[in-house]
Structure formats: C-alpha cells, structure tokens
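K.L.:
In case you want the letters, here they are:
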Amino acid sequence: MSAAVSTRPVRVRPPWWRRLPVLQQLQQSVGLQRGMLVAGLVITGIFLVVAIFAPLLAPYRYNQLRGPEGLFGAQQPPGPDHLLGTTVGGYDVLSRVIWGAQTALLVIIVAIVLSAFLGIALGLLAGYIGGWFDRITIVIADAIYAFPSLLLAIVAAIVISGGQSSLWGGILAAAISITVVFIPQYLRVVRAEVLRVKSEAFVEAAKVAGAPTSRIMFRHVLRNSTRTLPLILTLNSSEAILTLAGLGFLGFGIEPSAAAEWGYDLNKSLSDVTSGIWWTSIFPGLAIVLVVLGITLIGESLNDLADPRLRARRKPARTAEEAVAAEEPVAREELGEVL
Amino acid sequence: MATTDAAVDIRELRITFDTDGGSVAAVRGVDLQVAPGEVLAVVGESGSGKTVTARSILRLLPETASVSGAVLVGAENVVTLDARRLRELRGTSAAMIFQEPSTALNPVYTVGWQLAEGLRAHGKYTKKQAHAHAIEMLRRVGIPDPERRVDDYPHQFSGGQKQRIVIAMALALDAKVLIADEPTTALDVTVQAEILELLRRCRDEFGTAIVLITHNMGVVADLADRVAVMYQGEIVETAPVRELFATPRHPYTKKLLAAVPRVELIDRAVPEVVEGEAVVEAVQLEIEYPGRFGRKPFRAVHGVGLRIAPGEVLGLVGESGSGKTTIGRAIAGLTPVTGGSLRVLGVEMLGVRERRFRPQRRRLGFVFQDPATSFNPLLTIAECVAEPLIVHGAAASASDARDRVDELLEAVQLSGSYGDRYPHELSGGQRQRASLARALALDPELLIADEPTSALDVSVQARVLELFEELQARFGFASLFITHDLAVVDRVAHRVVVLHHGEIAEEGPTAQVLGAPQDPYTRRLLASLPVPDPVEQASRRAAFLALDGSAS
Numbered sequence: 001m002s003a004a005v006s007t008r009p010v011r012v013r014p015p016w017w018r019r020l021p022v023l024q025q026l027q028q029s030v031g032l033q034r035g036m037l038v039a040g041l042v043i044t045g046i047f048l049v050v051a052i053f054a055p056l057l058a059p060y061r062y063n064q065l066r067g068p069e070g071l072f073g074a075q076q077p078p079g080p081d082h083l084l085g086t087t088v089g090g091y092d093v094l095s096r097v098i099w100g101a102q103t104a105l106l107v108i109i110v111a112i113v114l115s116a117f118l119g120i121a122l123g124l125l126a127g128y129i130g131g132w133f134d135r136i137t138i139v140i141a142d143a144i145y146a147f148p149s150l151l152l153a154i155v156a157a158i159v160i161s162g163g164q165s166s167l168w169g170g171i172l173a174a175a176i177s178i179t180v181v182f183i184p185q186y187l188r189v190v191r192a193e194v195l196r197v198k199s200e201a202f203v204e205a206a207k208v209a210g211a212p213t214s215r216i217m218f219r220h221v222l223r224n225s226t227r228t229l230p231l232i233l234t235l236n237s238s239e240a241i242l243t244l245a246g247l248g249f250l251g252f253g254i255e256p257s258a259a260a261e262w263g264y265d266l267n268k269s270l271s272d273v274t275s276g277i278w279w280t281s282i283f284p285g286l287a288i289v290l291v292v293l294g295i296t297l298i299g300e301s302l303n304d305l306a307d308p309r310l311r312a313r314r315k316p317a318r319t320a321e322e323a324v325a326a327e328e329p330v331a332r333e334e335l336g337e338v339l
Numbered sequence: 001m002a003t004t005d006a007a008v009d010i011r012e013l014r015i016t017f018d019t020d021g022g023s024v025a026a027v028r029g030v031d032l033q034v035a036p037g038e039v040l041a042v043v044g045e046s047g048s049g050k051t052v053t054a055r056s057i058l059r060l061l062p063e064t065a066s067v068s069g070a071v072l073v074g075a076e077n078v079v080t081l082d083a084r085r086l087r088e089l090r091g092t093s094a095a096m097i098f099q100e101p102s103t104a105l106n107p108v109y110t111v112g113w114q115l116a117e118g119l120r121a122h123g124k125y126t127k128k129q130a131h132a133h134a135i136e137m138l139r140r141v142g143i144p145d146p147e148r149r150v151d152d153y154p155h156q157f158s159g160g161q162k163q164r165i166v167i168a169m170a171l172a173l174d175a176k177v178l179i180a181d182e183p184t185t186a187l188d189v190t191v192q193a194e195i196l197e198l199l200r201r202c203r204d205e206f207g208t209a210i211v212l213i214t215h216n217m218g219v220v221a222d223l224a225d226r227v228a229v230m231y232q233g234e235i236v237e238t239a240p241v242r243e244l245f246a247t248p249r250h251p252y253t254k255k256l257l258a259a260v261p262r263v264e265l266i267d268r269a270v271p272e273v274v275e276g277e278a279v280v281e282a283v284q285l286e287i288e289y290p291g292r293f294g295r296k297p298f299r300a301v302h303g304v305g306l307r308i309a310p311g312e313v314l315g316l317v318g319e320s321g322s323g324k325t326t327i328g329r330a331i332a333g334l335t336p337v338t339g340g341s342l343r344v345l346g347v348e349m350l351g352v353r354e355r356r357f358r359p360q361r362r363r364l365g366f367v368f369q370d371p372a373t374s375f376n377p378l379l380t381i382a383e384c385v386a387e388p389l390i391v392h393g394a395a396a397s398a399s400d401a402r403d404r405v406d407e408l409l410e411a412v413q414l415s416g417s418y419g420d421r422y423p424h425e426l427s428g429g430q431r432q433r434a435s436l437a438r439a440l441a442l443d444p445e446l447l448i449a450d451e452p453t454s455a456l457d458v459s460v461q462a463r464v465l466e467l468f469e470e471l472q473a474r475f476g477f478a479s480l481f482i483t484h485d486l487a488v489v490d491r492v493a494h495r496v497v498v499l500h501h502g503e504i505a506e507e508g509p510t511a512q513v514l515g516a517p518q519d520p521y522t523r524r525l526l527a528s529l530p531v532p533d534p535v536e537q538a539s540r541r542a543a544f545l546a547l548d549g550s551a552s
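Chains A and B, in that order, give the protein sequences.
In terms of the UniProt record's numbering, the first sequence has 328 at position 328, counting the first letter as 1, and numbering is strictly consecutive.
In terms of the UniProt record's numbering, the second sequence has 378 at position 378, counting the first letter as 1, and numbering is strictly consecutive.
Keep in mind the hints are simulated off the structure, nothing from the lab.
Accuracy of the hints is not assured; some may be wrong.
[Unchecked claim] Each computed SDA-like pair below joins lysine to any residue, with the alpha-carbon atoms no more than 20 angstroms apart:
#  : chain 1 : residue 1 : chain 2 : residue 2
1  : A       : K207      : B       : R358
2  : A       : K207      : B       : S397
3  : A       : K198      : A       : R223
4  : A       : K207      : B       : R353
5  : B       : K176      : B       : E205
6  : A       : K207      : B       : E348
7  : A       : K207      : B       : G351
8  : B       : K255      : B       : L465
9  : A       : K207      : B       : L442
10 : A       : K198      : B       : R329
11 : A       : K207      : B       : T325
12 : B       : K176      : B       : L89
13 : B       : K176      : B       : A121
[Said to hold, decoys possible] Derived contacts from chain B toward chain A, CB cut-off under 10 angstroms, selection only:
#  : residue
14 : E387
15 : P388
16 : I390
Note that CB positions come from ideal geometry on N, CA and C, so glycine has one too.
Produce the entire structure from the sequences given, and follow the hints as far as they go.
P.N.:
Take a look at the structure:
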C-alpha cells in the first residue's frame with residue numbers, strides 16, 4: 001500500500017466552464033458530430049445576439065410605420081431604405097425579423113423555465129414516491145399527449161389573453177400553452193431516470209445511513225437524474241418556437257403594435273405570395289427555419305454524444321508520439337494493491 | 001510451418017481501443033497456441049486483457065478496437081478475413097460460451113429454435129434435420145427428456161441448464177475451438193462443478209480445444225491443462241497447470257496464487273460472550289415478496305432463527321436464491337419482514353415504521369456488494385463518507401466532518417488525499433475500502449456486509465478481507481457477513497449459518513461446519529468447491545462425483 005500512499009494523487013480537474021453541459025460535449029466531439037454541434041452553436045449564438053441586441057441592430061422599431069420622410073409605404077421591394085422591403089401593413093421587414101427574435105427568445109425562456117421546473121418536480125415525486133400519486137400523474141400526462149398540442153395551445157391562448165394581445169399577454173399565452181404540452185415530457189423522462197437511480201446501491205446506502213427522504217430525493221436521486229435534460233431542453237426550445245409561430249399564423253399571436261412575431265407576419269404575407277411579393281414571407285420563414293435548425297442541431301449532437309455507442313472517437317495513434325504513448329502501460333491505481 | 005497443427009495460433013497480437021481519453025492498449029503483443037483437445041486457461045485480473053484476447057479469436061470486438069498481428073484458426077487468419085468468410089467460420093471452426101447464460105439466450109424463442117437457427121444459418125441442415133440434431137445436442141449436454149424440453153423457452157430452465165444449452169449451441173456445428181468466457185462465474189458452486197464436468201467431457205469425447213477465461217484459480221486447477229497468466233495486456237507466464245501451481249516463476253503469478261483464499265479451518269477464538277442483549281435475534285423469521293396480481297407471494301425466507309452476539313462475526317452462506325441477501329436487507333430495514341420475529345438493536349422489525357427505526361440506524365453499517373454503484377457518482381469520497389455523520393447530526397457539513405472522515409479513510413488505508421477524488425477515480429478495491437469507512441463512520445455495533453468481495457479480483461479481495469479482520473478486531477463490532485464463498489467465510493467468521501432454499505441447513509462454529517459438516521447439503525457445497533491445487537482437486541473431484549451419484 002505504501003506505493004499508493006506515496007504516489008500523491010494528482011487530479012487535474014478541468015476548469016468549471018469546461019464542465020458546462022454543452023461545452024463539455026464540444027470538447028469530446030470529433031468529425032461530423034463536431035461539425036453539426038458547431039453549426040448549431042453558431043446559428044443559435046447569432047440568434048441569441050440578435051435577440052438581445054435587437055434595439056441596437058434593427059433600423060426601425062417593430063411597430064414603426066413612418067420615417068422622417070413620412071410613411072414607409074406598403075409592400076415596398078427591398079431597397080436602400082428598407083433592405084428587406086416592407087410588409088403589406090407597411091412595416092419594415094428587416095426590423096420585424098430582428099425584433100421577432102426577441103419575442104421568440106422570451107417565449108422559449110418562459111416556456112422552458114415553467115415546464116422544466118414543474119415537470120422535473122412532478123417527475124421526481126412521481127418516480128420516487130410512486131403508488132397512487134405516480135399513477136394519477138402519469139394518467140393525466142398521457143391524457144395531455146392525446147390532445148393535438150396546437151389545439152391545446154389555442155385554448156390556453158384564448159383563456160389567458162381573453163382576446164387581448166399585449167406583448168406579455170401574448171408571450172405568456174404562448175409560453176403557458178407550450179408549458180402544458182411539455183410538462184408530460186419532462187415528467188416522463190425524469191421519472192424514468194428516477195426509477196432507475198432509485199434502485200441503485202448508493203441510494204440504499206443513504207437509506208441505511210438513515211438519511212431523511214427529502215435529502216435522498218434531492219441530494220442523491222435528483223442530481224443523478226438530470227443527464228438527459230440538456231437534450232430535451234434544446235429540442236423543446238425548437239418546438240416552442242414552432243408552436244409560437246403556429247399560434248401567430250393562426251391569428252392567436254401578438255398584434256404587430258405590441259411586438260414583432262414571425263408567425264403573424266407569415267400569416268399576413270399569405271396573399272402576397274400569389275402576387276409575386278416574395279420578401280414578406282421568405283425572411284420571417286427563413287428566420288423560423290434557421291433558429292429551429294440551429295437548436296435542433298445542438299440537440300441532436302448532444303443526443304449522439306451522450307450515447308457512448310453513437311459517439312465517434314479519435315482514431316488511435318495518428319502521430320509517432322501518440323503511438324509511443326499508447327504503448328506505455330496504462331497507469332493503474334491498483335498497482336499499489338497488486339505488486 | 002510447425003504450428004499448423006495448433007487449433008488456434010495467436011501471434012504478436014495487439015489490440016488498441018479508442019476511448020474518450022485517447023487510445024488504450026488492451027493487448028500488447030500476445031503469442032499463444034492452443035493444441036486440439038487441450039484446455040488452455042487464460043487467467044488474470046479484470047482489465048488484464050484476457051477477455052479481449054480470447055474474443056479476438058472470433059473477432060468479436062467492438063468497433064472502437066483496432067487489431068494488428070495474426071490470429072490463425074486452423075489455417076485462416078481471422079484478423080484479415082472478410083465478413084462473409086468470418087461468418088462462416090464462426091460456429092463451425094470456433095464457438096463461444098458466454099458468461100451469463102440468461103442473457104446469452106433470446107427469451108422469446110424456444111431453445112430448440114435457437115439451436116436450429118445456428119445449424120440452418122450454415123446451410124447444412126433442413127428444418128427437420130436441424131430439429132432432430134437439436135434434440136440430439138440437448139441429450140449430449142445432459143438435458144433430461146430432450147424431446148419434450150426442446151420446445152421450452154429459456155426461462156423454463158435453471159441457470160445451470162441454460163449454460164448447458166449455450167454449450168450445446170457452441171458444440172452443435174462441431175467447432176474445433178470453444179471459447180469459454182467465465183462460463184461458471186454466474187453459477188453456484190454445485191452447478192459450477194457439473195458444468196466443468198461437461199466441459200471436460202467435451203474435450204475428452206470430441207477433442208475440442210477450449211480456451212477458458214477465468215479469474216477463479218479453483219476452476220483453473222480443476223479443468224485446465226495449460227495456463228497462461230496475463231497482466232496488463234501481456235502474457236507473463238505460460239506453464240502446464242501442475243507446474244504453475246507447484247512452482248510459479250513470475251512474481252505476479254506468485255502474488256496471485258498467494259492471494260487465493262482457501263478453506264484452512266482456522267479455529268478462531270469466539271470473542272468473550274458479552275452478557276446482554278443480542279445485536280440481532282431472529283425467531284421463526286419469515287420474509288415474503290408479494291407476487292404479481294393473482295399469484296401467490298414468493299417466500300424467500302421461512303422459519304429462520306439466528307442470533308448475533310455483540311462483537312461476533314456471523315457468516316451467512318448459501319447459493320443464489322437461498323435468501324441470504326434478503327435476511328441482510330431485512331436486518332437493515334430495506335426489506336419488510338412478513339412473519340415471525342426479528343429484533344435488531346432492540347427494535348422489533350415486524351411491522352416497524354421507518355420513523356421508529358431511524359434513530360437506531362446510527363448503530364448499524366452496511367457494505368454493499370457492488371463497489372461501482374454504492375457511491376453517489378457526483379459526490380467526492382469524503383462527502384460520501386461524511387453523509388452518515390451529517391445525517392445523524394454529528395457534523396454540520398462535509399467540510400466540518402473532514403477530520404473524522406480523514407481518520408476513517410486512514411483506518412481503511414486510504415490516505416486523506418483520496419477523499420477529494422470522485423468514486424469513478426478509484427479502483428474497485430479502493431471503493432470497497434471507502435465503503436467500509438462509510439459503514440464504520442458512526443462506530444456502529446453491527447455491520448452488515450453483503451458479498452463485499454465477490455465483485456473484486458482475488459488479490460484485491462485478499463486485502464479487503466485482511467482489512468475487515470483488522471478493523472473488526474480493533475472496533476469490536478458485531479457483523480453479519482453474507483457470502484457464497486466458503487473460503488471467504490472461513491477467513492472472517494466466528495460462526496457460520498448455511499442457508500438452503502430459505503431455510504437453515506446447518507449452523508455452528510466455523511471450523512465445525514466447514515471441517516465436519518453434518519448436513520448433506522453442506523457436504524455437497526464443500527465438495528463442489530474447487531481448490532486451487534490441481535493434484536488435490538483431482539481427488540476431490542472424484543469424491544464429489546461419488547457424493548453426487550449417491551445424492552441423486
């Protein structure tokens with residue numbers, strides 16, 4: 001044993017930011033998976049920057065109809081004053097697209113925060129306590145699955161906003177309706193993980209030590225059950241954007257005077273498409289596609305990287321130095337115990 | 001070439017795995033020959049590369065592996081073979097027997113179908129012939145009434161029978177080489193003896209070469225002709241079995257053989273019987289697991305009476321399904337008692353409420369079987385060991401408890417710096433020692449150890465047992481030591497209770513139970529235990545077969 005005592009364990013822990021969920025995966029990814037992840041991160045990064053700095057980036061306000069020289073005019077083609085033209089309502093398309101990013105981001109944040117907290121809490125309780133509570137929650141969750149999510153979102157939007165459509169009314173309506181649809185997903189995933197972790201020996205060890213139930217649940221079970229959450233978070237954010245756009249497209253979104261919203265603009269551009277006015281529909285549509293694509297790319301790569309069977313690895317011994325390193329015996333902790 | 005008559009000829013084999021932490025050399029230049037009709041045992045501890053070497057004979061390696069060197073099976077080099085030819089070769093030239101028979105068989109098909117599948121895949125049999133051949137194979141491996149059983153599903157067979165079926169599948173196409181990867185590790189000792197007998201028959205009757213991978217030196221002594229010892233991806237010694245056990249040359253082999261526990265019948269002085277209440281007292285104990293809807297509950301333990309005096313180590317021995325773990329879990333309050341009486345530290349466990357028992361938990365420690373899962377992977381070792389202290393209010397936080405934790409880790413010979421590591425950064429043996437430290441954190445009067453060494457390599461196992469003895473002498477706790485290994489019980493226990501099908505078969509002082517067993521089941525158990533000595537094992541085998549014959 002003296003050998004093991006003398007070899008002071010040198011533990012090089014990476015700095016904290018390298019252990020953050022997404023950055024950690026970026027570190028270990030290679031090849032196509034890395035390309036996908038990087039592309040997703042870049043697109044999402046641009047989306048975040050645009051959303052946060054919308055007031056600085058956009059040439060006009062989202063509800064601005066007139067400049068110094070008077071009204072913008074409706075359906076103006078792209079030009080020096082309006083880089084992407086104007087809509088049928090006379091708004092600047094570029095400004096609407098940029099401000100729309102902000103609305104989308106707000107909806108994502110509110111929806112994710114609400115659904116993640118409620119879903120995780122319910123999943124933890126259902127999985128750990130089990131019994132009738134588990135049965136009832138699961139039945140309700142399954143019932144929600146049976147509803148078309150957009151229908152549910154429409155009902156929630158009507159109930160919450162009551163026909164009014166202020167910025168926060170619209171955002172909350174969209175976010176809460178998305179929350180209702182997403183809670184069952186978090187519930188299911190967390191519950192499955194909790195059921196797995198619950199039977200692990202370290203939870204029993206805590207039980208034998210006499211730890212109170214709440215301590216076991218939060219310190220031992222919950223922290224080990226959140227492995228797949230980053231993945232669901234990203235996939236759900238892209239779904240949130242699609243639901244918001246769907247609501248806006250169907251006319252349950254936010255009025256143009258309250259905030260910019262891509263789905264609403266798409267709806268209003270329907271008639272333009274047939275008359276050859278392409279710029280009013282292409283750009284909001286493109287914005288939706290790109291953001292959803294970027295977030296989904298992150299989610300998909302996280303999914304692949306989380307699974308050791310799908311994760312690509314660096315091929316061994318490409319350089320002479322690495323070949324030598326691979327020949328060295330693996331440093332083993334047991335050495336102190338064996339020889 | 002001189003070696004063309006070898007069944008398997010491995011030359012300069014190197015296997016490297018790509019992992020997240022760069023590439024790892026698992027096998028580093030191995031040369032190995034197996035002659036027809038020979039049993040070659042490859043021994044070594046986990047991580048020594050023995051399984052990977054053997055699997056390379058069938059090229060059953062994960063995608064992340066890269067192989068160089070040559071593996072000749074018959075005259076063909078498996079390493080460079082194309083996929084079609086490789087598929088033809090698998091089963092006909094070389095076949096594999098897996099460690100866990102219950103997962104090696106597909107549960108949704110009958111065993112007859114699975115046997116016939118292999119035959120038909122190689123296109124030599126019609127459906128009818130295959131069926132007939134399957135029955136014939138089942139008969140050969142000793143499945144009774146094969147005409148009827150051929151249409152049964154895997155779950156209808158016992159563990160030993162399933163392993164026989166797996167062997168039948170491997171033999172079905174007259175493979176010249178059998179690769180047996182820990183074929184008896186998942187089985188009880190009495191069943192293990194039967195499977196080893198069957199493998200011996202394969203060698204003698206069919207002239208099959210067998211590559212036997214195992215960490216059990218008793219199995220090696222029983223079956224092998226020649227032994228290759230692997231250490232860190234290299235073969236450090238190859239010798240005929242008697243020579244290896246008599247005069248091991250390499251220091252690692254010596255170390256390995258010295259660490260193997262043997263039944264030596266040391267009469268340990270039972271500690272002074274302290275007057276007063278027993279730590280554990282069971283009377284007519286009964287534990288049932290609720291059955292599925294409409295089914296009868298499963299009775300795991302019935303009519304068991306046992307007593308653990310303060311400071312006494314009681315060994316609880318039995319095969320899988322004997323109820324030994326259930327008793328341990330019931331004493332720790334993890335499994336409810338359904339009948340009789342069980343008093344633990346003065347609390348009646350029949351119908352006990354967790355609230356009532358919780359204050360007593362500080363007087364009780366538990367060491368789990370699998371060191372890999374018994375620690376919360378997100379907490380450091382020091383935090384894990386501090387948990388019981390914090391829970392029972394002996395310390396406010398992990399940093400507050402650090403002095404006591406360091407003291408405990410010192411006691412199990414893990415210096416304080418190990419405390420800052422995470423569980424996955426420790427080896428199995430180190431984790432199991434940390435597990436001991438955690439169990440002893442509150443200076444308990446009773447320690448329940450559930451197979452604490454069965455997941456460890458022999459050399460590591462020896463150290464953990466040594467430590468257990470030392471700590472027991474120092475702290476004087478009473479202990480229930482659960483194990484299936486009679487040699488382990490011989491080392492640590494003052495008294496032994498042998499369980500069989502949920503009932504006590506025999507109990508008494510260790511030396512008496514192991515030295516002069518009265519119960520026929522105990523005798524069978526002892527006789528089937530292979531000893532790590534080929535000469536002695538040969539005579540023991542004969543004795544076991546005689547006993548087996550008279551018993552059945």
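K.L.:
If a hint holds in the structure, say so; if it does not, say that too.
P.N.:
Okay, the hints, checked on the actual structure:
A C-alpha spacing of about 9 angstroms is found between A/K207 and B/R358, which places the hinted pair at or below 20 angstroms, so the restraint holds. Proposed proximity of A/K207 and B/S397 is supported: the alpha carbons are some 18 angstroms apart, at most 20 angstroms. Restraint check for A/K198 and A/R223: the C-alpha separation of about 12 angstroms stays at or below 20 angstroms, so the hint holds. The suggested pairing of A/K207 with B/R353 holds, with an alpha-carbon distance near 14 angstroms, which does not exceed 20 angstroms.
Of the pairs offered as hints, the one joining B/K176 and B/E205 holds, with about 12 angstroms between alpha carbons and a cut-off of 20 angstroms not exceeded. Between A/K207 and B/E348, the direct Cα distance comes to roughly 18 angstroms. Compliance with the 20 angstroms bound is thereby established for this hinted pair. Restraint check: the Cα-Cα separation between A/K207 and B/G351 comes to about 18 angstroms, which is no more than 20 angstroms; the hinted pair holds. Restraint check for B/K255 and B/L465: satisfied, since their Cα atoms lie roughly 16 angstroms apart, inside the 20 angstroms limit.
Taken as a hint, the A/K207 and B/L442 pair is honoured in the structure, with Cα atoms around 15 angstroms apart against an allowance of 20 angstroms. Between A/K198 and B/R329, the direct Cα distance comes to roughly 16 angstroms. Compliance with the 20 angstroms bound is thereby established for this hinted pair. Distance restraint check for A/K207 and B/T325: the Cα-Cα separation of roughly 17 angstroms lies within the 20 angstroms cut-off, and the hinted pair is therefore satisfied. Restraint check for B/K176 and B/L89: satisfied, since their Cα atoms lie roughly 11 angstroms apart, inside the 20 angstroms limit.
As the CA atoms of B/K176 and B/A121 are separated by approximately 18 angstroms, the hinted pair is consistent with the 20 angstroms bound. The interface hint given for B/E387 holds, since its Cβ lies 6 angstroms from the closest Cβ of chain A, which is under the 10 angstroms cut-off. For B/P388, the suggested interface contact is upheld, since its CB lies about 4 angstroms from the closest CB of chain A, less than 10 angstroms. A distance limit of 10 angstroms between C-beta atoms decides the matter here; for B/I390 the minimum to chain A is near 8 angstroms, and the interface restraint holds.
Hint violations for this structure: none, all hints satisfied.
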